[in-house]
Amino acid sequence: MFLIKGMPIRLLQGRTNELQTHSNADDQVLTDPRMASGMQEKQYTPSLLSFFIYNPKFGPREGEEEKKILFYHPCDVEKNEKIRNVGLCEAIVQFTRTFCPTKPAKSLHTQKNRQFFHEPEGNFWMVMVVRNPMVEKPSKDGKPPTIEYQEEEILDTVYGAVLQQCYSMYKLFNGTFIRAFEAGGVELLTQKLEKFFYRYIQTLHLQSCDLLDVFGGISFFPLDKMTYLKIQCFVNRVEESLNLVKYTAFLYNDQLIWSGLEQDDMRILYKYLTTSLFPRHTEPELAGRDSPLRPEVTGNLLHYGRFLTGPANLKDPDAKFRFPRIFVNTEDNYEELHLIVYKAMSAAVCFMVNASVELTREFCEQLDALVGPQLTLLASDICEQYNINKRISGPEKEPQFKFIYFNHMNLAEKSTIHMRKTASVSLTSVHPDLMKILGDINSDFARVDADEEIIVKAMTDYWVVGKKSDQRELYVILNQKNANLIEVNEEVKRLCATQFNNIFFLD
Amino acid sequence: MAADVHSKGVTWDTPNGNLAPVEHLPNSRSESPTPGLVEGTEPGASQERAMFAHTQSFEDLTADVELTGSHHSEVEEVEEEQQGGLEGGVEGGVEGEGGGGEDAAVVEPKPEVQAVVREKEEDVTSETWRSHKKHVFVLSEAGKPIYTRYGSEEALSSTMGVMMALVSFVEADKNVILSIHADGFRVVFLRKSPLVLVCVSRSGQSDGELWRELHYVYYQILSLLTLPQLQRVFQQRQSFDLRRLLSGSERVTAGLLRLLEMDAGLMLNATMSLPLCSTTRNVVCTSLQAASSKNLVFSVLLAGSRLVALIRKKEQHLHHTDLHLLSNLAASSSSFRQGEGWTPVCLPKFNASGFFHAHISYLEQASDLCLILVSTDREDFFNLSDCKQRFLDRLKKRNVYQALQEALHTPTYPVSQVGIPELWHFVYKSKSSGLYTSPELPVPYRTEEEQERLMELYRYLHSRLHHPTRPLRSIYRCTNTENLLGWSTSGFELYLCFSPLATKALAMSAVTKLLKWIRKEEDRLFILNSLTY
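As you go down the protein sequences, you meet chains S and H in turn.
At the far end of the first sequence sits residue 507, using my numbering, and the numbering has no gaps.
At the far end of the second sequence sits residue 1533, using my numbering, and the numbering has no gaps.
Extracted from the complex, chain S is given alone in its bound form (with noise of 0.2 Å):
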């Protein structure tokens, strides 16, 4: 069965740093079908009951409170309403240290919602509420219609992971609280928060959130060595030749091949560029010749080479050169640089220059003029191999399983659950609880550091594997109803064996 659920796009308008967003409903409703005749019951999905962030030291003093609150959503919420929300997150985690004073609470469990408490840096505490899913049941005699919370829907490590996230995104683009609060005070502080989160918590589409989102991790694209040489040598080239580049990144199909970042930043700056700058882009080159979601063409016909950050059209007198800003390394050497991405066909890659340094219309020139042809001719010879490779391979057949696999090394994640993202759905191929069979399996793997392998049958006769071993965590999902525990284990290891085979998994 295919559900169609709504992907979590953050499109950040690259330029001036500012959130565009597609603002969606907050609830939304979907009718179950096996209800839908008669009885109506309405299903809701976890839907986000407010976000905000505090500091407790910036209101110590009776009174003050209002002071703690740095950023509050839905703004419209009453004074005394927010002091009180903030108080009770202070409580919960004053309370925990009595047990354990340095791991205090990180989730509040409520019948209607859940909490989520993050301490990203000393004192800033960021939480996030999120609305339990629920079914609203009709009553007879015209009584208010019934509801049931099912506060066991939702996992811990999916959510947490998300409020994780949107500390690390605010972060790419606008370095940590402290920096901004001891360059402008309060102040310039809740601007920036402002700023930055209004926009973004609307991009957050948390009924779709599932085990992808606990990982972080990267796609990486198959290549042979030839052309990943080839690759490689392209990024020293242009390294050489433009020397005010400090770190490149090359992707393809939006799959990562190369990348000069500290993982964890390369980690969030992939994150940015597949889920809001990628898809924004890719929509008019899916439209229509005519349509007017179209860019003008550049009228360069050398190559297909364009800006997707910074100026559209290099030709235009008025072009502004200005590129969005990012900050990388920010636990020692604090960079602040520009962000260039550059995209010829489906190779794109990202150029990043000191922020001190000011980009001129004659850099980007150069660079068009260097880099467009060459990208160009890479971004076919790469199609080239992969269709060959696929080729070599044989036809693709609709496999009995479906699997995640996820390396915690190098960040490495591949799922054939998750369909095909586009700029505005992304399809997962089971069924929601297998999900969630998926995180529980995950969250007791995470329980222990020693390898594990947990095979479980639920009760619509799926089969779901999850093995752990060295770092490495692989499950499958297998459609075979009628097997027993020795075909299951046969069938993944077949599996590891065409798709993992020089990985060791535990047996």
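Distance condition first, Cα-Cα at most 30 Å in a straight line; then the derived DSBU-like pairs of lysine-lysine:
(1) K1133/H - K436/S
(2) K481/S - K1516/H
(3) K1174/H - K42/S
(4) K1388/H - K1314/H
It should be emphasised that the hints constitute simulated quantities derived from the structure, not laboratory data.
Since this is a predicted model, take the numbers as computed values, not measurements.
With chain S's structure known, arrange chain H on it following the hints.
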């Protein structure tokens, strides 16, 4: 589920409508057990009627206790009188003739009291106190401490005040606080007006399991007071110090918490029976059946925590929770060994609103055989004492007393009897009889620490199989230290623990072999006949 707000009032005997015990004829038992077994035909299924109120897993524990059951009118009449007496006791303030007072007199702390005292004296700001695996707190709605497992209630009054503040803060929004999760531990709240129970656990157990344990503590308190009395004292004075009525029961609660960690029966909602050859068991059962008295409701013969025989009044079923509470009560006090004990006790799952009267005694002072006779009449002591004597005389006359004593020497069996290589341990529960069997703990699990770890593994399998919204048919878990298999069907639940060398193929064949073995041994391992007076 923890909240009063949305738990449905389920009557005591049918926790789940379609699970009512089915009567089966012996000839409907299938020869070769398969997973397709219908409930009631699995190995160990009781042949005639079920002796327990039927329970599937822990779900029904969260159901509210029935206050005004119309099922046992006869029993209740007597109980009403008893409540009158109790009220007097409470109003009098100190130990009068009331339940609390009498109980305190019976449960005299003797040797183990040292340990309890030591735990009570612990410094609640110390690292040792903080790092306990499982804290349990009980407080009143006024935020007054009633019980803490470690440290003293006085020292923790501010902590408990905070707990109550959190509970009422969330309730102010017409919401219910369920739990708080942190790295490495969680805090679980259970609201049972007029009480609040809180558990702080580092054991990795799920919220659902911790709620089950807190329910047990709640029922333990009810068993000493009854629900109406508990509500009455707080209605009269919100700031009432309940410790006055519970004094002397700390060791019973401590014993219960220990049991929750070590005994699979409380997790499974089942009881283990003492392996006994069927002829001996039959004589014991019929002898106990014959030793009846007008007001007797239940006669229970226990060997430690193992059930030897259970006779009940027609149409009345004992609930596992009540049996575990009774057996824990008997085990928690050494005074029953010295002579015959007589104590009022409420069986909260049977009827939370009234007291029964339990005659508790050991067949011999040095023996592990404990006889519990539950009556509706508070003046029944001498009648029941006579019942016990008649039972003993009959056992001796029919020459089974010796056989019974010998069976006590082998209260369990080694797993090697089953003859499955690499199988270290297992737990098998027959759902229709509510009984389970399990071999003795083998070498790797001899220490208390390891035993607890094995129980944790079983609890993990159990909680995954019985997940409230995503239950599973089976789960296989392979770790560096053992291979585990959990399997739940409509007829039975099975938990197996293999050495890490076992393969999946071996595990699969082991299941079939084990079920055959249990079928062969079911006469000895289970109580197949449920007798009434």
